[in-house]
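Chains as they are written, first to last, in the numbering used here: chain A, 12 to 304; chain B, -17 to 288; chain C, 716 to 1167.
Hints were generated in silico from the structure; no laboratory data involved.
This structure is a prediction, so every number in the text was calculated from the model and none was measured.
One thing to keep in mind: the hints can contain errors.
Stated by the list, open to error - Cut-off 35 Å, straight-line C-alpha distance, at most; resulting in silico cross-link-like pairs (DSBU-like, lysine-lysine):
{"id": "1", "chain 1": "A", "residue 1": "Lys196", "chain 2": "B", "residue 2": "Lys281"}
{"id": "2", "chain 1": "B", "residue 1": "Lys243", "chain 2": "C", "residue 2": "Lys1134"}
{"id": "3", "chain 1": "A", "residue 1": "Lys118", "chain 2": "B", "residue 2": "Lys243"}
To be verified - Here are some chain B residues the structure puts well away from chain C; computed CB gaps all over 12 Å:
{"id": "4", "residue": "Met16"}
{"id": "5", "residue": "Leu19"}
{"id": "6", "residue": "Val25"}
{"id": "7", "residue": "Pro52"}
{"id": "8", "residue": "Thr164"}
{"id": "9", "residue": "Val204"}
Don't be surprised by glycine CBs; every beta carbon is placed ideally from N, CA and C.
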Amino acid sequence: MRKKVIFRGIGLPLLLLAPQLAVTIVFFLWPAGAAIWQSVLQEDPWGLSSQFVGLRNFQEVLADPAWRTAAWNTLIFSVSVAGSAMSVALFLAVQADKSIRGANVYKTLLIWPYAVAPAVAAVLWLFLFHPSIGLIGRALNAAGILWDYKLNGAQAMLLVIIAAAWKQVSYNFIFFLAGLQSIPKSVLEAAAIDGARPTRRFWTVVFPLLSPTTFFLLVVNLVYAFFDTFGVIHALTGGGPGKATETLIYKVYVEGVQNTNLGSSAAQSVILMVFVIALTAVQFRFIERKVHY
Amino acid sequence: MSVALEEATPAARLQDDARLAAATRRRQQRERWMTHLWLLLGVLIFAFPIWITLVGSTHDTATIGRGDVPLLPGSHGLENYTAAFQTGGSGRYRSSPAGLMLWNSAVMAMCIAVGKIAISLLSAYAVVFFSFPGRMLAFWTIFITLMLPVEVRIIPTYQVIVALDLFNSFAGLTIPLIASATATLLFRQFFLTIPDEYVEAAKIDGAGPLRFFRDILLPLSVTNIAALFVILFIYGWNQYLWPLLIVNDRSMETIVVGLAKMIGSGDTQNEWNVIMATAVLALLPPVLVVLVMQRWFVKGLTETEK
Amino acid sequence: MKRRHLTTSALAAALASRLPRPAAAQGGSGPLEIQFWHGLPKPLGTQLEEIVAAFNESQPRYRVVPSFRGSYSETMVAAIAAFRANAAPHVVQMYEVGTGTMMAAGRAVKPAYELLAESGVKIDFNDYLPPVRGYYESSDGRQMSMPFNSSTAVLFWNKDHFRKAGLDPEKPPTTWQEMEATARKLKAAGIANPMTTAWPAWVQVEQMSAIHDVPLATLGNGFGGLGAELRVSNPLMVRHMDNLIAWQRDGLFKYAGRDNAGDALFPNGDCSMIMASSGIRARITREARFQWGTGMLPYYSDVPGAPRNSIIGGASFWALNRGPQGGRTPEDWKGVAEFYRYISQPEVDAKWHMETGYVPVRRAGYAIAKKQGYYEKNPGAEVPIEQLLRGGETTENTRGIRLGGYVEIRNIMQEEMEKAFQGQQNGKQALDAMVQRANQVLRNFQRQHQGR
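One chain only, chain A, in its complex shape (with noise of 0.2 Å):
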C-alpha cells in the first residue's frame, strides 16, 4: 500500500528524517557493528592489544557448561513466565468478556500492573517471600518449609517467574480480551445453538478464532522473558545461587560488566541478536500482514 506521492524534494524529508536516522546510525548501528566485530576478536580489556580469532569465541561460548546452564534456565524460565501469565490472563479476559455488572471496573483493576517496571515488580515480591520479613516466606518456614531464596537456587527460580508473570498477565489481557471482543456475536450464536457445552465451545470454536493474537502474545511474552526480565534478576536474585536464576542476557551483562571478558561478551550478544532477528522476522510474517513496501 502505498501512498500516492504528493511532496517532492530531497531536502525537506531527508532533514525529517535526520534526527532518528542520527540516532540509529550513532547508537544502534554502531555498536550492532561494533558487537560484531569484538566477537572475532580476542582482546585485553584495555583495548591495547586485539588478535582477530574467527570463530574461536562462538566456540568456547557454545561449549561453556556456564552457557549452556543459562540457556537452559532462560528456556525454563521464557516458558513458565509466558505460559503461566498467558494461561492466567487468558482464563481472567474470558470471565472478564461475558457481560457483567461492574466489567469495567474489573478491566481497570487487571491492567494496572502493566505499568509497573520490573524491578519494581521483584522488589514487591521480595517483601512478599523475603525469608525474615515476607508474610509467605515466614509462613513458609514456619510450616517446615526451609524458604530461603538466596541458598535454594529452584526457589529462587521459582521467584523470579512470579514475578515477572505477574507483570505480564495485564498486557496479555488487554489483547486477549480485544481479542475475545472482536468475535462476531453470530458466531458465539451459533456456536451456541449447536448445542455444545460452554466449555466444548470454547476450544473448538473461541481459540481457534484467538489464534492469531495468541501467536502473537506467545512471541511479545518470550521476548519479555528473554530480554526485560533483566531488572526482575538483578534486583532479586543477582543470577544466584549459584548461577541458578542467570540467564542469557543476564550473562552479557556479566560477562561484559563484571568479568570484563570482551570478547566473549559481544559472541553472546551476537547470538542473542540473531536469535531476536529470526523471532522478529516469524512475527512480522506471520502477523504483520499489512505491511508493504
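Fit chains B and C to the supplied structure of chain A, relying on the hints for placement.
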C-alpha cells in the same frame, strides 16, 4: 432436547419451556456469580503485593524488621513517606532521596516519550508523504532497530557513550532509547490511512508540506499521540538496565534503579518501611498515567501491534 | 519544532565533545588538574575527599579533582572504558581483587615506583606493614600501586551471648577446635546461629590459606606470572570446607550470603561470632546493643607453621595513562607523585585509620595512634594490626594474591560453596570444581594478555 419438544403437547411444551427458562436463569445466575468470583480473585491476587507494600510502608522499621507483617495500615505513613521523599531514610548509609529520584525518572520518561514521538512523527511523515531516492533505505534502517533491543548491544553502546563523554548525563540516559521503530511504524500505518483528498486540498490551498503537517496531519494524529505517550512514558519510566549502566552519580539516579539499590546486601540494616514507601512512590506515577489515560492506552497498545 | 531542536542540538553537542579535549592547564594558567576516581560511598568517601581537599590547600601547583564512580567494580569498569576512549583519570582507586588485572595492564598503568622516581619524590615503603606493601609490589619488590585503605579479617564475638552460655566473655576461641566447642555450647544455650562469616571467599579460603602458610595458587599465588594455577584443593582446605559444611548442617554455622551480606548478622544480635572485615568495627560500635570483643581469626593448631599473618583487603591507588597512546606529561606525573607523598605522611595515615577503622598502613602511623592513646580508648582496634604483623616478614603464601579475573574467581568460589551448603557436593568436590573453573578463567586471562 429437540426430541422431547417435538413429542410433547402444546400445554406440556409451555410447561417445559417455563422450567427450561427457570433452569437457564438459575444457571446464568450461578455463572455470573462464578465470573464475579474469579475476577475478584484475580484482582485481589494482583493487588496483594501492592497492599502488603502499602501497609508495610505505614509502619515503623522495628515492626517490619521483627517480622510482624501487618495486614492493616499503621500510623507511621506520613513520616515514612516524608523520610523517603526528602532524605531517602535515616542512617549514615542512606540512599538518594526519593523526591530527587522521582524527578530524575520523570524527566527521563518525559524526554524519552516526547523525543520518541517527535522523531517518529517526522520520520513517518517523510517516509509516507515524500518520494526521494533512498526512501526505502531510510525505512529499512529504521526498521532494523526493532531487532536490536538495548540488551543485546549493551557493552558496545556503553563504549559509545563513554567515547562521546555522555556518561552520567541526561543526554546519555535518554538519546539511545529514543530511536526505536515502533512509534514510527505506528504513525506510518496511520498516515497511510489518511485520504488523498486532504493532501490535494492542501495543495490547492497553496500550503507547503510543513503547513500541511502542522495544520492537518498533527490534529488528526492526536489520539495516536496520546496513546503512544502513555506507552512510551511507561517504557521510559521503567528502564532499568540502561540507567544502571550509564549513571553512577547518585544525584542522577532514577527511582527504579535507586529502589533496587536500596535493598543492599547487608551494607546497612535495611529500613524496610522506607524502602516500601519508596517502592510505592516508584510505581505510582506510571500507574496513575495508565489509569487516567486508560482508554487511549488500550487502544494504542492493540493498534500498535497490529 | 522545539522538541526537534532539543534533540538535534543535544546530539550535536554530544558529537562535538568527541573532539580532543583541551590540553590540561600548564604552569601559570591555574593549577594542574589531576582527575581522581574513587569507589568509596558516603561517609568514607566524604572523609577521603577531605584528605584530597587538604592536599589541594597545602600547595598551589596541583589540584586533585575527586569523583565517586560507584562501587569498586563499577569504578574499575568505568576506568577501563574511559581508557579505551582516551579519557582515563590520572588516579583510580582499585580494590585488591583487581590487582591482577591492573598488574597485567601493561602500558595502561604507570607504576608508582616509576612515577615517584621520575618526579624525585621519595617514599619510605619499608615502613609500610609487610602485607600491605607486599600485596601491591611487583615480584621483584618494586611498588606498583600506592596503598591507602587496607583492612584485614578478624573475629568479633558477642560477650553477652558468651555469658549466657556459661563461657568466659573475655576469652574468645583462638583455634578452630575451640570455635567448634564454643559454638556447640552456644547452641546448647539456645543461640540459633553461633557462627557466621562475611566475604566467604576472602575469609574462609584466602585468609585461611595465608595464616596457615598454605599456597592458594602456584607461582607464589600468582606473583610469579600469568601461568599460575589455583591450588585450593589441598588437605587443609578440604578439611576446613568439610568442617564448614558439617557445621552448617548441624546449625552451628550459618551461611549468610556472598560478599558482605553476613555483616548484618552480628550487630543485630543474630550470630554470636562473626569473621568479617576489621572495617565494620565502626558499624558494630554504632549498632550493637551488647558487649563485644575483637579477636584474631581462628586457626588449626595442628598445622605446622600456623599462625602467620593474614592478608589485606581494601584498595590502593593506581596511576593510569590517558589512553592507549599514552597522553600524559611529566608534569602530570609530578602532580600524582606529590599527591602520593601527601597521603603517605604518617599523620594523614593515622588520622584516616582512627576515623575510619581501616588499619594504618605505616608503622609510623601506627605509632602515632598509639601515642594518642587510641588503642586504650578503643580496645580491640589493635588486633587487626597485630594480626598483620604476626610472624614477621611475609612468605610467598602470605604476601597476598595476584590472580587475573579474580572478581570472577571469587564468585566461582562462592557459588561452589553455596552448592556445597545446599548439600549438592562435599568439600573436595567443591574445591575441585573451584580449581577447574578458576583455571579456565586464569588461562583466558593469560591468553588475553600475552599479545603484548
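Structure-based check of all given hints:
no., hint, verdict
1, A:Lys196 <-> B:Lys281, "holds (21 Å)"
2, B:Lys243 <-> C:Lys1134, "holds (26 Å)"
3, A:Lys118 <-> B:Lys243, "holds (33 Å)"
4, Met16, "holds (43 Å)"
5, Leu19, "holds (40 Å)"
6, Val25, "holds (36 Å)"
7, Pro52, "holds (20 Å)"
8, Thr164, "holds (17 Å)"
9, Val204, "holds (16 Å)"
Comparing the model with each numbered hint stated earlier shows that all of them hold.
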